[in-house]
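Asks: Chains as they are written, first to last, in this note's numbering: chain G, 1 to 518; chain W, 1001 to 1398.
Mixed in with the good hints, there may be bad ones.
Unchecked claim - In silico DMTMM-like pairs for lysine to aspartate or glutamate, Cα to Cα no more than 25 Å straight-line: (1) W:Lys-1290 x G:Asp-272; (2) W:Lys-1279 x G:Asp-151; (3) W:Lys-1376 x W:Glu-1307; (4) W:Lys-1290 x G:Glu-169; (5) W:Lys-1290 x G:Asp-427; (6) W:Lys-1353 x W:Glu-1367; (7) W:Lys-1279 x W:Glu-1367; (8) W:Lys-1338 x W:Asp-1351.
As the list claims (entries may be wrong) - Covered stretches of chain W (in silico footprint by chain G; criterion: 3 or more residues with CB under 8 Å from a CB of chain G, positions within the stretch not fixed): (9) 1134-1141; (10) 1283-1297.
It should be emphasised that the hints constitute simulated quantities derived from the structure, not laboratory data.
A virtual CB, placed ideally from N, CA and C, is assigned to each residue, including glycine.
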Amino acid sequence: MQSFDAIVIGGGTNGMACATRLTKGGKRVLLLDAADRPGGAAIGGDGASGASQMPLAHLLMMLDPRVHAGMDLDQHGFSYAATDLATTALSATGDHLVLEGPAGASLSGSLSDTDRDAWATLRKRLLTYAEALVPFRALTPPRIARKAGNDMLGLAKIGLGLRRLGRDEFREFLRLFLINVADVLEDDLTDERLRGVLAFDAVLGSWLGPRSPNSLLVYLNRLAGEAAGTRAALALPKGGMGTVADAMARSAAASGVTLQSGARVERILIEDDRATGVVLTTGETYRAPTIVSAAGPKQTLLELVGARHLDTGFVRHTRNIRSRGGAAKLHIALTARPDFRGADLATRLVIAPDINAVETAFNATKYGEVPERPVMEIVIPTAHEGAGADDPHLLSAIVQFAPHDPRDGLDKARKQMLANTLGVLEDHAPGIGGLISESELLMPQDIEARYGMAGGNWHHGELSVEQMLFLRPFADVAQYSTPIAGLWLASAGSHPGGGISGAAGWNAAERILSRVAA
Amino acid sequence: MKDLRHHFEAPLRTTAFHERIAAANVLNEWAPWAGYTTATVLEDAETEYTAIRNTASLYDLCPMIKYRITGSGAVDYLNRLTLRDVSRLPVDAVHYTAWCDDQGKLLDDGTLFRLGETEFLLCCQERHLPWLADSAIGFDVSIRDATDEIAGLSLQGPCTAAVLTEAGFDVSALKPFRIARYPFQGSTLTISRTGFTGDLGYELWIEPGLALPLWDRLMEAGSYCGIRTVGSTALNLARIEAGFITTNADFVPADQAVREDRVRSPYEMALDWMIDFGKGHFNGRRALLKERDTQSGEWAFVALDIEGNVAADHAILYDGRDREIGQVTSAAWSPVTKSSIALAHMRRPYDTKAKGGIWAEIYALRELHYVKLMMKAEIVARPFFAPPRRRATPPGRF
Ligand SMILES: Cc1cc2nc3c(=O)[nH]c(=O)nc-3n(C[C@H](O)[C@H](O)[C@H](O)COP(=O)(O)OP(=O)(O)OC[C@H]3O[C@@H](n4cnc5c(N)ncnc54)[C@H](O)[C@@H]3O)c2cc1C
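Could you build all of it, start to finish, from the sequences and the hints given here?
Replies: Given below as structure tokens:
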């Protein structure tokens, strides 16, 4: 049998980035993924088109430039169908507002000059703060302890970056750091559509409403991402998100990673308090001195390792990782182009008429209820490419908020969620209901079952201030290492969090390479 | 069920033996223990202590916290929870053990009774249900606070085997740390040869409904030697002589400590002999291995013989006359050894090299005025008092 230096569990984008980086660092790596194709949430259809063939993630905004370049994705079939995607804040009356350029650099539509100016100022400020966070993303989080092996140079640079904000701006940064996004938007802006779409973006993928504390911080995190070399931009890969997964898989293979699909790890072998291998559900065993899990931290620690190898306090921390999913995913196939009252279908369409619409949709989930009027982000991939005359039009939407713990059971909630979502769609695109030939709605529980994300959470564990940086997923394991020698974490559940990015996997690999002797 | 909202009307509960103890408690001296009313002294502490060391004594153990741990995963669970190897504890035997948090700091010590292959009773000073319950995640085990379900009685002193025989319970073959069962009024009396006095003694476990008949039977059987009900003051004196530690007297449990430097590891409480690194993972193992390998423990736990006859309670210890090196946690004038004895935390390495000698700063209250005494102290072996009769099987007849 071939021998490996490292086994990476989970072939999502983080697992593939991690395995490739380790291979480039001279390790022989076996990558095991449970699904029949690698890519995790980025897996696309296998040629056939249809509602159920659509990937979970539909837009690129967090792709780590180190991963993009280091994996030579462009050489392996990756390119963009659209960069710098605009966003249309849909109005039910057709009075749409279009945010063009990264993070709404310019606004078109009816809007007062006061709001235009206020947004320009606020946007600049938010981007400046987001920029200060960028270097953190590529760093192993520091540990608040003596002799913790922190990257002092890297930290010093970031410190300098924050210092450059100047005293007043730094004070403002601190003021805004933990604030809720609604307060900021209501202080500075008056236009409901603009406030609605910004509030929506801030809480997309979070279990937070716009009035929840810290909701601005997750927005800053989003703005700290990039696509196609532009900060805070949105992009659509050519061929859909599946091409990102495919390009990564090809890159991994080309660099020498041995990738095995259909291989679900059942447990991690621990001998003498060291991770020494993995056992698959089929009973097959693989051994290596380094085991990296790019499956989520909860599953890895509680199921693959098991509580008996861990201390009780540690198990408590692991179980307490907050990981509630609030996002549902809607896929529909349409017999004709829908009409959102004239909106450009090649933009991202957001239905979030005002801040309270987002907050109200969030409120329902607290009581296990389905919101009457969910808010959503819509992408129509066939508006960009691919739809031949006979092909259906496809619509992909992330709909919030779905109850993480539905009071009346999952099946009822799913049905209700679909009905309510279609109701909102009908209001904005009259007649769309009649065009639907196929539909699928994935609740957070479905997402957990299909993709293995704890609770169906976007980030494999809520990305919020108490679970960020050196607290992600919690302090004891924030540096990718675990108490079990030879076992490392590399999924979105680790710093810097989720998105189709590869950042966590790449960071983990760098940490491992710097810590594990060749 | 009783309306729990009225709990405040009786802030302290009474034990199954209360009726008898209240009748005997002529001084009416009571103190709370784990939510129960317990006697500190009934008549005279010295006489009660004398019963422990010379005849037979009865002490109410009901408030001691007891957890019943059962299930096919019980051994694995307890091995992960505690320091010692539970798979080596035979059925119907007891061992003294302790458990730690993730950082390898002590949460409590206690006695673990193995009542069956998969049935255990863990007895301890403090309550730990949340910790025990969270420790059960991933194990096939169930845990119940059984404090109320079992009445416990401690029978200690050189005549206790004879008293039990007289009462109809032949314990002559029962070895230290072993358990035996006897029929009693249609129920079962469980007797373990355990105790907190370092002397010959037994602990008796009975369903609460039979507590008083058992009490009466023992009192009657022990009348020939002057058996006595004793309070916690006398017991505490005996346990210090025996060198036993008490949670929250000799160390602060890690989950209760507020001050960072109050927590103690088994190495720092001289309990490291319990640690079994070879049995697989247990709570605190990684931290304790590191502590062992780097010798990072900052404290030593020592027994002291101090000059003079004033108990050195909470005395500060010095190397020479000015360098603070430790604190006394428990102290007493020991009648049986005729010396002033103490248990103390001592900062390493002064436990082995206090150049100027160890001195205890004692404040003696003499007619409203404290008098400060600087007394020479010496580290001695623990226990201070360990009569051979405590282990002899069959026990001698006194
Ligand atoms: C509804 C929704 C929509 C989203 N939309 C977007 C978006 O548009 N843009 C964006 O950037 N992000 C989006 N995200 C977030 C993004 O999908 C995730 O953050 C990202 O996929 C995390 O990548 P990962 O590699 O860490 O994990 P995953 O992509 O979840 O991959 C984990 C992999 O591990 C494998 N695995 C799990 N357990 C085992 C096991 N025991 N043995 C072997 N393999 C195992 C799985 O098969 C999977 O391939 C969305 C998330 C959700 C929930």
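Asks: Next step is simple, just say for each hint if it's right about the structure.
Replies: To see whether the hints hold, each was checked on the structure:
Restraint check for Lys-1290 of chain W and Asp-272 of chain G: the C-alpha separation of about 15 Å stays at or below 25 Å, so the hint holds. This hinted pair does not check out: Lys-1279 of chain W and Asp-151 of chain G have alpha carbons roughly 37 Å apart, beyond 25 Å. Restraint check: the Cα-Cα separation between Lys-1376 of chain W and Glu-1307 of chain W comes to about 6 Å, which is no more than 25 Å; the hinted pair holds. Restraint check for Lys-1290 of chain W and Glu-169 of chain G: the C-alpha separation of about 45 Å exceeds 25 Å, so the hint is violated.
At most 25 Å may separate the alpha-carbon atoms for a hinted pair to count; Lys-1290 of chain W and Asp-427 of chain G exceed this at roughly 64 Å. The hinted pair formed by Lys-1353 of chain W and Glu-1367 of chain W fails the criterion: a straight-line CA distance of about 37 Å is larger than 25 Å. For a cut-off of 25 Å, the pair hint linking Lys-1279 of chain W to Glu-1367 of chain W is broken: about 57 Å separates their Cα positions. In summary, the hint linking Lys-1338 of chain W to Asp-1351 of chain W is supported, as the alpha carbons are separated by about 24 Å, within the 25 Å threshold.
With 5 residues having a beta carbon nearer than 8 Å to a beta carbon of chain G, the region 1134-1141 of chain W meets the requirement of three or more and the stated coverage holds. For the region 1283-1297 of chain W, the stated coverage by chain G is satisfied: 4 residues place a CB nearer than 8 Å to a CB of that chain, which reaches the threshold of 3.
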